[in-house]
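All chains, please: the whole structure from these sequences, using the hints.
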Amino acid sequence: MTRRNNLTAGLEPERYELHEPVSFIFESDRRDFFKFLGAGIFVVCAASKTTAFQESGRARRASEDNLPQEIDAWLHIGEKGEITVFTGKVEVGQNIRTSLSQAVAEEMRVPIVSVRMVMGDTQIVPFDMGTFGSRTTPVMNLQLRRVSAAARDALIALAAKQWNTDPAHLTAADGKIIDPKSNRSATYAELVKGQQITQLLPAEDPLIPAVQWKIAGQAVPKVDGRDFVTGKHRYPSDYKLPDMLYGKVVRPSAFGATLVSVDTSAAEKMPGITLVHDGNFLAVAAPTTALAEKAAAALKPEWKAEPQPSSKELFEYLKKNQIPAEGRDSLHETGDVQKAFASTAHRLNSTFNIAYIAHAPLEPRAALAQWNGDHVTVWTGTQRPFGVRGELATAFHLPEEKVRVLMPDTGSGYGGKHTGEAALEAARLARAAKRPVKVAWTREEEFTWAYFRPAGLIEVSSAVDADGKITAWEFHNYNSGAAGIRTYYDIPNQRIEFHPVNSPLRQGSYRALAATANHFAREVHMDEIAATLKMDPLEFRLKNLQDQRLRAVFEQGGKQFGWNKPRAANRGFGVGGGFEKLGYMATFVEVSLKPETGEIKIERALTAFDCGAIVNPDGLRNQLTGANIMGLGGAIFEAIEFENGRIVNNVFSKYRVPRFRDVPPIDALLIDRKDQPSVGAGEAPILGIAPALANAIFAITRIPLHSLPMAPQLVSHGYQLG
Amino acid sequence: MPTTYALRINGQSFSVDADPDVNLLTVLRENLDLTGTKYGCGEGQCGACTVLIDGRAHRSCMTPITTLAGKSIITIEGLAKDDHLHPVQQAFLDEGAMQCAYCTSGMIMSAVSLLNNRENPSDAEILQFMQGNICRCGTYPRIVAAIRKASAAGKEPVR
Numbered sequence: 001m002t003r004r005n006n007l008t009a010g011l012e013p014e015r016y017e018l019h020e021p022v023s024f025i026f027e028s029d030r031r032d033f034f035k036f037l038g039a040g041i042f043v044v045c046a047a048s049k050t051t052a053f054q055e056s057g058r059a060r061r062a063s064e065d066n067l068p069q070e071i072d073a074w075l076h077i078g079e080k081g082e083i084t085v086f087t088g089k090v091e092v093g094q095n096i097r098t099s100l101s102q103a104v105a106e107e108m109r110v111p112i113v114s115v116r117m118v119m120g121d122t123q124i125v126p127f128d129m130g131t132f133g134s135r136t137t138p139v140m141n142l143q144l145r146r147v148s149a150a151a152r153d154a155l156i157a158l159a160a161k162q163w164n165t166d167p168a169h170l171t172a173a174d175g176k177i178i179d180p181k182s183n184r185s186a187t188y189a190e191l192v193k194g195q196q197i198t199q200l201l202p203a204e205d206p207l208i209p210a211v212q213w214k215i216a217g218q219a220v221p222k223v224d225g226r227d228f229v230t231g232k233h234r235y236p237s238d239y240k241l242p243d244m245l246y247g248k249v250v251r252p253s254a255f256g257a258t259l260v261s262v263d264t265s266a267a268e269k270m271p272g273i274t275l276v277h278d279g280n281f282l283a284v285a286a287p288t289t290a291l292a293e294k295a296a297a298a299l300k301p302e303w304k305a306e307p308q309p310s311s312k313e314l315f316e317y318l319k320k321n322q323i324p325a326e327g328r329d330s331l332h333e334t335g336d337v338q339k340a341f342a343s344t345a346h347r348l349n350s351t352f353n354i355a356y357i358a359h360a361p362l363e364p365r366a367a368l369a370q371w372n373g374d375h376v377t378v379w380t381g382t383q384r385p386f387g388v389r390g391e392l393a394t395a396f397h398l399p400e401e402k403v404r405v406l407m408p409d410t411g412s413g414y415g416g417k418h419t420g421e422a423a424l425e426a427a428r429l430a431r432a433a434k435r436p437v438k439v440a441w442t443r444e445e446e447f448t449w450a451y452f453r454p455a456g457l458i459e460v461s462s463a464v465d466a467d468g469k470i471t472a473w474e475f476h477n478y479n480s481g482a483a484g485i486r487t488y489y490d491i492p493n494q495r496i497e498f499h500p501v502n503s504p505l506r507q508g509s510y511r512a513l514a515a516t517a518n519h520f521a522r523e524v525h526m527d528e529i530a531a532t533l534k535m536d537p538l539e540f541r542l543k544n545l546q547d548q549r550l551r552a553v554f555e556q557g558g559k560q561f562g563w564n565k566p567r568a569a570n571r572g573f574g575v576g577g578g579f580e581k582l583g584y585m586a587t588f589v590e591v592s593l594k595p596e597t598g599e600i601k602i603e604r605a606l607t608a609f610d611c612g613a614i615v616n617p618d619g620l621r622n623q624l625t626g627a628n629i630m631g632l633g634g635a636i637f638e639a640i641e642f643e644n645g646r647i648v649n650n651v652f653s654k655y656r657v658p659r660f661r662d663v664p665p666i667d668a669l670l671i672d673r674k675d676q677p678s679v680g681a682g683e684a685p686i687l688g689i690a691p692a693l694a695n696a697i698f699a700i701t702r703i704p705l706h707s708l709p710m711a712p713q714l715v716s717h718g719y720q721l722g
Numbered sequence: 001m002p003t004t005y006a007l008r009i010n011g012q013s014f015s016v017d018a019d020p021d022v023n024l025l026t027v028l029r030e031n032l033d034l035t036g037t038k039y040g041c042g043e044g045q046c047g048a049c050t051v052l053i054d055g056r057a058h059r060s061c062m063t064p065i066t067t068l069a070g071k072s073i074i075t076i077e078g079l080a081k082d083d084h085l086h087p088v089q090q091a092f093l094d095e096g097a098m099q100c101a102y103c104t105s106g107m108i109m110s111a112v113s114l115l116n117n118r119e120n121p122s123d124a125e126i127l128q129f130m131q132g133n134i135c136r137c138g139t140y141p142r143i144v145a146a147i148r149k150a151s152a153a154g155k156e157p158v159r
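In order, the protein sequences belong to chains A and B.
For the first sequence, the working numbering gives the first residue as 1, with consecutive numbering after it.
For the second sequence, the working numbering gives the first residue as 1, with consecutive numbering after it.
Since the hints were made in silico from the structure, they are not lab data.
Residues from chain A shown here face chain B by an in silico Cβ test under 8 Å; the list is partial:
| hint | residue |
| --- | --- |
| 1 | P221 |
| 2 | G225 |
| 3 | Y235 |
| 4 | S237 |
| 5 | S653 |
Using 27 Å as the maximum straight-line C-alpha spacing, the simulated DSSO-like pairs for lysine-lysine come out as follows:
| hint | chain 1 | residue 1 | chain 2 | residue 2 |
| --- | --- | --- | --- | --- |
| 6 | A | K674 | A | K214 |
| 7 | A | K654 | A | K294 |
| 8 | A | K232 | B | K149 |
| 9 | A | K559 | A | K469 |
| 10 | A | K232 | B | K81 |
| 11 | A | K320 | A | K304 |
| 12 | A | K559 | A | K543 |
| 13 | A | K193 | A | K80 |
| 14 | A | K232 | B | K71 |
Where a beta carbon is used, it is the ideal one built from N, C-alpha and C, also for glycine.
What follows is the structure in structure tokens.
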């Protein structure tokens with residue numbers, strides 16, 4: 001059967017997320033693949049032309065010996081009927097190993113235990129840009145459903161051929177193909193036995209509609225859950241190889257420092273030590289971590305660093321250090337804001353400060369690297385295995401087919417593990433040591449040498465008419481980012497602008513990106529306008545909002561929360577909501593105040609969420625609650641403090657994250673839109689908690705809270721929260 | 001200079017050569033390949049490295065190897081008996097009390113310690129005891145639910 005067709009090469013749409021293109025090479029030929037898989041049916045699904053060309057027309061040369069380059073997904077059915085699915089997406093706790101297995105089991109009509117997901121191994125999975133942007137559910141889930149539906153049809157075709165009947169008469173159920181007319185049936189294993197077939201199928205087969213789902217849509221427990229409660233699962237930092245060494249990198253004295261000199265004489269005398277001094281990279285590897293640490297401590301490096309700004313002067317710095325905007329999304333204009341402001345008597349201005357915060361994934365970066373000749377294999381925790389493959393290829397001047405990156409299910413990421421620092425460090429040491437080397441970062445290293453959620457300065461101005469309709473909206477975001485910057489309220493005159501800044505700290509993705517900062521500023525400002533009008537904040541939002549799905553989360557969430565019920569004395573309600581990553585969200589918070597002490601307590605929270613047809617309601621609730629709890633940290637107390645190129649609070653004893661007693665009762669209202677495509681839920685639910693909390697506090701204290709985190713501002717007014 | 005230490009872990013005796021300043025976490029992970037116990041902070045702040053020593057929760061990253069003579073150490077690998085999960089492990093599964101699950105070993109060991117030493121703890125006692133364990137994914141409410149469930153299930157203490 002065919003393994004090449006005339007589909008045109010191109011890039012899948014998610015690739016725009018990165019600035020530099022990543023090359024696209026499959027190094028395994030088909031024979032290697034079958035050695036790996038054994039006999040069976042191998043189904044390859046190709047991207048449709050529309051998605052292939054959506055973002056870029058840049059074509060790539062198809063290699064004669066390789067599989068087609070537009071592959072979305074592939075799947076193998078083995079001789080025992082076992083189904084193996086290959087995807088470049090990775091598991092960092094968002095539970096996609098389970099939700100994707102559900103999608104496959106649904107379309108293949110098999111129990112979920114028949115499905116095995118192979119994820120994030122660059123040698124054997126189709127290229128994937130990375131696991132970010134809430135794209136797994138809207139994109140990969142759909143693609144795996146398509147490849148599974150195609151595989152189901154391939155099995156039907158096999159049975160039809162064997163039985164010499166029309167495939168249209170046959171159906172699939174419980175891992176079998178059934179001919180209802182003759183009552184004949186054959187298991188997938190029976191059909192596949194002795195076959196060695198590759199099917200390249202267009203991904204256009206009809207899919208099972210959500211209303212008919214039996215496995216998708218259910219609260220299926222975490223796949224391999226038992227391995228996690230018994231300690232059996234191996235995270236990247238747990239990986240080992242025979243004769244492996246432990247690596248330790250000697251870190252610069254400050255960001256951007258250069259290595260002037262180093263006295264290596266003492267370390268070189270230590271037995272079993274491999275020392276690498278390559279430009280600014282200074283590191284050792286040793287048979288134990290203890291020896292590596294001793295050797296690293298014995299090195300006497302001299303670093304030279306430039307003076308750098310500190311967190312105390314951060315927001316002035318952000319305003320003063322703008323750089324020219326690149327790209328298409330930096331400015332949005334509708335109507336004429338200046339004219340609208342000129343004709344209003346009530347212009348309301350607010351300025352918001354957003355601190356840098358750290359992802360602080362509980363598993364710090366770790367990698368194990370092994371060289372075999374000029375090929376390198378690295379096991380590491382990253383949201384972008386193919387991106388890390390590219391980093392390694394660049395760093396070591398290798399073609400990408402000589403680099404293999406594998407990603408075991410990892411101890412979280414939250415957007416913080418897009419890069420391959422530990423992979424490069426381990427590989428550099430392993431090359432010098434001629435043995436495998438593991439580099440596992442300490443907490444201090446993770447807090448310092450990873451990257452941060454960008455800090456931001458946001459300025460909002462608005463005008464409103466006497467009826468409560470917003471007439472003008474001006475919004476400037478300095479540095480924190482353009483995600484979620486546009487308003488979903490209906491405002492005739494808008495100017496919304498993102499201003500990039502030369503960031504004093506290394507910064508990057510964080511769960512929901514800048515949408516957290518932008519929603520905070522927008523939704524807090526909304527309550528301030530409502531207050532000037534003496535209008536109910538929820539009523540004011542609905543008055544300025546047409547989008548039906550967004551209205552629904554505000555209205556249904558408000559109803560479940562009891563927004564219109566009488567409020568007790570010293571109790572405040574707040575709401576914050578929006579639309580992000582294709583999901584609709586509104587979060588409601590109730591706080592109480594003890595006036596005699598100034599203590600503020602979060603009594604409860606509720607998030608109403610619509611992410612289309614729900615794939616796994618239990619996983620969704622887990623994400624909603626978790627996102628709110630993580631969001632509480634950035635809302636109340638998390639902030640990175642830095643001074644002259646160093647992080648001051650680079651340990652958990654100095655950087656507070658949410659703990660058990662910080663958590664109020666959090667409820668979820670899941671709006672299951674079976675008529676709508678399923679979309680992601682890992683990011684959007686984090687957005688509402690900060691503005692809802694600030695607005696609830698504003699409702700009783702009348703103090704507009706304009707900073708993330710808000711605890712310092714509250715303390716300055718004599719209040720304590722958390 | 002490395003010294004030989006006799007350790008009793010999960011009911012088995014081990015002889016480990018290590019420097020006296022090495023902590024139990026490193027010995028478990030590097031010398032014995034018991035990697036279910038996790039590193040999270042190295043300063044006893046996150047609880048990912050929690051093990052039982054004589055039935056009580058200890059942060060193995062802060063436990064010098066020199067202090068363990070004659071003591072019984074239980075790690076996450078030693079909790080299930082003959083394929084039967086400990087009620088706390090089972091409750092974590094039943095409640096779906098994990099996301100990335102990197103904190104799960106430490107959470108379970110802390111919870112076992114709590115239930116070893118306190119019958120039917122109140123919610124306030126659960127929160128107080130578990131306050132030293134961090135879950136960055138924010139599964140705290142499910143962990144509390146799992147501990148309540150395991151508490152109701154009851155079990156002979158693990159020591």
